[in-house]
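Student: Read off the chains here:
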Amino acid sequence: MAITPLDQLTAGMVLACDLKSEDGRLLFRGGTQLEERHVELLRRVGVTGAEVEPGPQTLGPEKLRQIEEYVRDFFLYANPDSPPIIAMFRMALEMTAEAVSRGWELPDANTRRASNVEHMHDLFLRGLGTPETIVKHETELASFPDIYFRIRQVLEDESASAERIAKVVGTDMSLSAKLIKLVNSPLYGLPQPLDSISRAVALVGAKELSILALGISAINYFRDIPPELVDMRTFWRHSITCGIFAKILAGTQIGLSPERCFTAGLLHDVGRLIMFKKLPYASTEAMLFARENSIPLVEAERAVMDFTHTDISRPLLEAWKFPEELSAMINYHHDPMDYPNPQESAVIHVADCLTNAVEIARGGMYVVPGVDERAWELLGLDAEAVLNSAAGQYCEQIDTIMEAFF
Amino acid sequence: MGSLFSNAITLRKSVGITDAEFVQLRDFIYEKCGIYVDIKRKYLFESRFSKRLSELGLPGFADYIKYLKFDSHKSEELARLFELVTTNETSFCRDGKQLEAFQDKVLKETLDRQRKAGRLELNIWSAGCSSGEEPYTLSILLHETLRAELPRWRIGITAVDLSRAMIERAREGVYGDYAFKTTPDDIRQRYFTPDPGGWKIKPEVSRFVTFQEMNLNDPLALKRVPRSHIVFCRNVVIYFDDAMKRKVVSAFYDNLLPGGYLMLGHSETLHKVSSSFKPVYHPGTIAYLKEG
Ligand SMILES: C[S@@+](CC[C@H](N)C(=O)[O-])C[C@H]1O[C@@H](n2cnc3c(N)ncnc32)[C@H](O)[C@@H]1O
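Protein chains in written order, with this note's numbering: chain A, 315 to 720; chain B, -12 to 279.
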């Protein structure tokens, strides 16, 4: 990166790396936002320049046109007259422009086509494995973390006291640390950070906290997915983003538990992780097929494998004896209205779509799947207002929450 | 933050297609080439066709459907339509696992049988060859397998596709980096020469391959394809419905010589489509044998 000379340094610029004086003394850490007095100080100690982060650039009409075209491509599959889709489109435009003004380059056509994982080997050839046999192969092979079962037990026990729940969760150090970080994140907006599980139980509620704990302990199970197939950070970022949106949307509804929705959002694509594990080649084919045909991944899965990741999550969550209402949200997130009590699955459905929309500005590769009209009506939301505020909160929270988990 | 984008930017850019019009268009496409489009892709089609509609100066889809059916330029338009509804994703040496099994087992067995019968000839049909990467790959595999023996063989690879544009590209035989994404470097070095447009296939590879524009939904055309020892039809029937799959697979069956093999794409299967073939399992692929 180039050095910006002293006379061009202005307040508001952000240092790209630590800044030292001539004699090696640390003046300011990288990441510091310069103020008028800092610049003054630099002049006094005789610093001649500094490396600063590229500032936002103004985008010309040609660039804006390119951005529009780029973003539009991701909305080809969805109903262009649907209010939430229109709101998501505008949101994706703004976010992509923001990213580009900060130096992000729009991926070109070739990067947007799938990469090559030729050496991957599926355990089942098409027509030879059903979702049930595939899941069985998994659940017979590996056992679920102990802590998961203990949490489930307290969850099922209506009479379990808050202390008991705190105790069970507290036995797993890394789990408690994650929970505390999560509750201290902007997601909960606490005025004072808390430092113990018992305080978290008191604040969030015993049942709610155990549901979060259940979700987090389930995540731990999936650490050994072949990393070349998908970038695991990207995968979990998608999951966490969906969780954030689900929690926010749950807050607009009467009688929905934000924690339950967050956890379901976090785990809504677990079926896909089993697919990556058991059918890596077919999974790649599905990704390729989705991109080539501008269709959502779930449709590509159906074309390539005859079943989708929710067909996998169904027997999987059953084998784990996952709480019924959580399973339903996950299993029905692509067709929420097929579930008799669709409000919660509708939340995950919209949250997932929203997640796809905000990912466009970060190099997401898949088209926005579209929002089921009846599901949207059921939630009774004002598209523009709710989605924009949700996107704003997402931008503020996502990095901290990612950090809490990884 | 104020918006950088004008409020005049709307998501809808094209004229709408009604469900009834979509069904008409979908049925027309299906009848012509067997590609079946789910109604879920309605909006996708709306925007994909809208450019063509405005080029033709047609106000709506009803007029476009009329144009396709009755205009004096309809056969030209049909070719254009095919370009709009096909997906041409392909690359050299695609699905290496399958090709390995093909080379070690299927091809070896076929060549041995031909040698024993004293007939040093081999016909391969590449159905849905897109821009030519697949049939050229097969020709390269034959070079790799037969080596010094090659000049004594009579080899014919018939490569067909619905898309005129793809057949033209295939005949040209010049490829950019993307076509080599699944290809070992030494293969590219040995069988291609640098070209301003990327890499050009060498004549010794291309001379075995004949390209033809052909619709797999045209039974008479299929009958004119020379009888084959091996048929490759990969990542094509995935776009067809079951009835069309059956039709095409039975045409392959009729075309194959006894003892011949059909190779499908990684995610395609004859499960529920045909029981005439005998599936032969290899690591990473199934070869479908016509017994006899
Ligand atoms: C995805 S490409 C597959 C290319 C190559 N076989 C491979 O596997 O890499 C599918 C091809 O099938 C062709 N196709 C689709 N329908 C067809 C039909 N009815 N007749 C002939 N070709 C067809 C398309 O034009 C397209 O080029």
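What the hints contain is simulated information worked out from the structure, not anything from laboratory work. Where hints are given, some of them may not hold.
Below, in silico cross-link-like pairs of lysine-lysine (BS3-like), each with a Cα-Cα straight-line distance of 30 Å or less [as the list claims (entries may be wrong)]: (1) 0/B <-> 591/A; (2) 84/B <-> 377/A; (3) 591/A <-> 27/B; (4) 592/A <-> 0/B; (5) 0/B <-> 450/A; (6) 92/B <-> 591/A; (7) 27/B <-> 592/A; (8) 234/B <-> 377/A; (9) 592/A <-> 265/B; (10) 84/B <-> 592/A; (11) 168/B <-> 592/A; (12) 84/B <-> 450/A; (13) 168/B <-> 61/B.
Student: Now, for every hint given, state plainly whether the structure supports it.
Tutor: Hints, one by one, checked against the model:
A C-alpha spacing of about 41 Å is found between residue 0/B and residue 591/A, which places the hinted pair above 30 Å, so the restraint is violated. Our distance criterion of 30 Å between C-alpha atoms is broken by residue 84/B and residue 377/A, whose separation comes to about 43 Å. For a cut-off of 30 Å, the pair hint linking residue 591/A to residue 27/B stands: about 29 Å separates their Cα positions. Restraint check for residue 592/A and residue 0/B: the C-alpha separation of about 41 Å exceeds 30 Å, so the hint is violated.
With a C-alpha separation of about 47 Å, the suggested pair residue 0/B and residue 450/A falls outside the 30 Å cut-off, and the hint is violated. Between residue 92/B and residue 591/A the CA atoms are separated by roughly 28 Å; this keeps the pair inside 30 Å, and the hint holds. As the CA atoms of residue 27/B and residue 592/A are separated by approximately 28 Å, the hinted pair is consistent with the 30 Å bound. The hinted pair formed by residue 234/B and residue 377/A fails the criterion: a straight-line CA distance of about 49 Å is larger than 30 Å.
For the proposed pair residue 592/A and residue 265/B, the alpha carbon gap of about 26 Å is at most 30 Å, so the pair holds. At most 30 Å may separate the alpha-carbon atoms for a hinted pair to count; residue 84/B and residue 592/A meet this at roughly 16 Å. Distance check on the hinted pair: residue 168/B and residue 592/A sit about 24 Å apart at the alpha-carbon level, within 30 Å; holds. Distance hint between residue 84/B and residue 450/A is fulfilled; the C-alpha atoms sit about 26 Å from each other, no more than 30 Å.
For the hint pairing residue 168/B with residue 61/B, the CA-to-CA distance comes to about 38 Å; that exceeds 30 Å, so the pair is violated.
Violated hints, listed in ascending order, are 1, 2, 4, 5, 8 and 13; each of the other numbered hints is respected by the structure.
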